Amino acid sequence: MNLTELTISQAHKGLKEKKFSAVELCQAYLNRIKERNEEIFAYLTISEKLALGQAEEVDKKIAQKEDTSLLAGIPMAIKDIFMVKGLKCTAGSKILENYVAPYDATVIKKLKNQGAVILGKTNMDEFAMGASGERSGFGLTRNPHDLEMVPGGSSSGSAAAVADNMACYALGTDTGGSIRQPSSFCGTTGIKPTYGAVSRYGLIAMACSLDHVGVISKNADDAKIVFDVIKGKDPMDSTSVEHNLQIPDSSFQIKNMKIGIPKEYFIKGIDPEVERLVRQAIKKYEAMGAKLEEISLPHTGYALATYYIIVPSEISANMARYDGIKYGLSVQTRGTNKEHNLLDVYLNSRRQGFGPEVRRRIIIGTYVLSAGYYDAYYLKAQKVRTLIKRDFEMAFEKVDIILAPTTPTTAFKIGENVSDPLTMYLCDVFTAPSDLSGVPALSIPCGKIGSLPVGFQVIGKPFHEEQIFQVAKLFEQSVD
Amino acid sequence: MISKKEIEHLAKLARIGMTSEEIEKMQKELSAILDYFEKLKEVDVSGVELTPYVVKLKNVMRKDKERIGSNLPTKEELSRKILNQAPMTEKNYLKVKSIFENESY
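Quick mapping for you: the protein sequence lines, in order, are chains R and V. The first sequence begins at 1 in our numbering and counts up by one. The second sequence begins at 481 in our numbering and counts up by one.
Just so you know, the hints here were simulated from the structure itself, not pulled from any lab data. Computed from a predicted model, the values in this text were never measured in an experiment. Take these hints with a grain of salt, some might be off.
To be verified - Pairs of lysine-lysine residues, derived as DSS-like cross-links and limited to a Cα-Cα distance of at most 25 angstroms, are as follows:
#, chain 1, residue 1, chain 2, residue 2
1, V, Lys555, R, Lys326
2, R, Lys383, V, Lys519
3, R, Lys389, V, Lys538
4, R, Lys109, V, Lys521
5, R, Lys383, V, Lys538
6, V, Lys519, R, Lys85
7, V, Lys519, R, Lys109
8, R, Lys94, V, Lys543
9, R, Lys326, V, Lys519
10, R, Lys233, V, Lys543
11, V, Lys521, R, Lys389
12, V, Lys555, R, Lys109
13, V, Lys545, R, Lys389
14, V, Lys521, R, Lys268
15, R, Lys389, V, Lys536
16, V, Lys545, R, Lys233
Whole structure, please, built from the sequences with the hints as guidance.
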């Protein structure tokens, strides 16, 4: 038995039946990481001591016949944007290279309470700004399916770690597609829950109104197990909401479901092979008895322009805190020129600490928020956002769930898009609309083109994650 | 196309130091991105409200008092922890470079 290939439920069963100990399971993952991380670079920090300590605790509980939760003793990885007390938290940025988290994020607290084993912190595009994993300040992550290809981003290390059995599951964040797009590229399952379903406390902010905390896992069941632990209202996050909606399993029948297929997601520019695999997946649901209906989300084509106005606006505000004064990189001298003042510290710290994409987005945000342009860009984008949200509301009056491709293509070559920011932005064309609207969406693998995985999205009504997991699971069962 | 001077001004506002090559590069990139935003001009938004957040926001208030507990750090521990992350300190203060000398604007 290869321990690192087990799902959460399988590993839990093995621990309970004492087929292996939590320490053995943890060690298997640590060995795998030692073997593979140099090549893939999924992890920025490996927290071996913490992980083994947590595993020992779980073994003690099992020895004393205490009840343990599903996540107890299961080794997992965390995107380096969540605070884990005592571990470095860099957000993939040089400006936070030596920053040590002073407290646990709410989701980390919840996972620790369940006995989760934290293997380490994963690589990512700097401050979650990127769609390829190439924009980390510490070096790029490679796609385990083909080392010449990008893993997607910004949760690049989390997706690559799960895909390469370097973690059983991982936490990620999704602001424009950063969980689902790398999941699609790496062949993992990734859920972006409803906005507000999971607390953002202890998460380094990129764009507060769009940042979602979610899970990358081996399958839909695992994603559900983790989501059920991390969800819920948190007094420390005023945008979080109680997640009370229960959809009883017994009433769920695929043959009673209406599935919407949005025509705007099957446009020119999508790789025909990707389209074929996604349509083939949709057909499976038809064979199960679901009714398919073509729908329209008419403002889809405006989502990216809207996104790239709103997000940089929020970024320019959120990045203001990195000033070289309170924490993080501080550049106190300017070469040989000894004459410098506070302004120079700001200018030089932020110039050296931030990578090109972060600087670019700060400048875009500063521009669209500045007097004279605010109405034309920022306010306009906030209104178009309303229309994009309405598209989903109207669609969900007619259908129960929406199926669509996650990305227009499979993983692209390292270096291919890095010099052209606009092309890189287009990677999020099918994922950004659900971030702007806050509706939950999950990406699930539906085949491969050559060695490269393809994913499709299951998009649901707000707080209908349960239904999304069930719909995704039906597909997994149909291909098993 | 957005001017070099405008980029210089934006960089100053955003407190990001930039070389002249970087400014030129940013000028091209920002212009292309702003052209892409022109797309939104096609959308009629008359009478449409804003969506800054998709959830309804409500202020959450708590009493403004010190939180004390056996598992919580003391005031002294907290300030030490915070100051330990700072690049420059003196006694119990954050230290910064001079503000007034060499004022550039």
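Against the structure, the hints come out as follows:
1. Distance check on the hinted pair: lysine 555 of chain V and lysine 326 of chain R sit about 18 angstroms apart at the alpha-carbon level, within 25 angstroms; holds.
2. Distance check on the hinted pair: lysine 383 of chain R and lysine 519 of chain V sit about 14 angstroms apart at the alpha-carbon level, within 25 angstroms; holds.
3. With a C-alpha separation of about 21 angstroms, the suggested pairing of lysine 389 of chain R with lysine 538 of chain V holds against the 25 angstroms cut-off.
4. Restraint check for lysine 109 of chain R and lysine 521 of chain V: the C-alpha separation of about 45 angstroms exceeds 25 angstroms, so the hint is violated.
5. The straight-line distance between the Cα atoms of lysine 383 of chain R and lysine 538 of chain V is roughly 21 angstroms, inside the 25 angstroms bound, and the hint therefore holds.
6. Pair hint lysine 519 of chain V plus lysine 85 of chain R does not hold up; C-alpha atoms about 44 angstroms apart against a cutoff of 25 angstroms.
7. Of the pairs offered as hints, the one joining lysine 519 of chain V and lysine 109 of chain R is violated, with about 43 angstroms between alpha carbons and a cut-off of 25 angstroms exceeded.
8. Taking the CA atoms of lysine 94 of chain R and lysine 543 of chain V, the gap is about 37 angstroms. The hint is violated against a cut of 25 angstroms.
9. Our distance criterion of 25 angstroms between C-alpha atoms is broken by lysine 326 of chain R and lysine 519 of chain V, whose separation comes to about 40 angstroms.
10. In summary, the hint linking lysine 233 of chain R to lysine 543 of chain V is supported, as the alpha carbons are separated by about 20 angstroms, within the 25 angstroms threshold.
11. The straight-line distance between the Cα atoms of lysine 521 of chain V and lysine 389 of chain R is roughly 18 angstroms, inside the 25 angstroms bound, and the hint therefore holds.
12. For the suggested pair lysine 555 of chain V and lysine 109 of chain R, the alpha carbons sit about 22 angstroms apart, so the restraint of at most 25 angstroms is met.
13. Between lysine 545 of chain V and lysine 389 of chain R, the direct Cα distance comes to roughly 40 angstroms. Violation of the 25 angstroms bound is thereby established for this hinted pair.
14. Only pairs whose Cα atoms come within 25 angstroms are accepted, and lysine 521 of chain V paired with lysine 268 of chain R is accepted, the gap being roughly 22 angstroms.
15. A distance of roughly 14 angstroms separates the Cα atoms of lysine 389 of chain R and lysine 536 of chain V; the hinted pair therefore holds under the 25 angstroms criterion.
16. Between the alpha carbons of lysine 545 of chain V and lysine 233 of chain R the distance comes to roughly 23 angstroms, so the proposed pair stays at or under 25 angstroms and holds.
Hint compliance for this structure: hints 4, 6, 7, 8, 9 and 13 are not met, and every other hint is.
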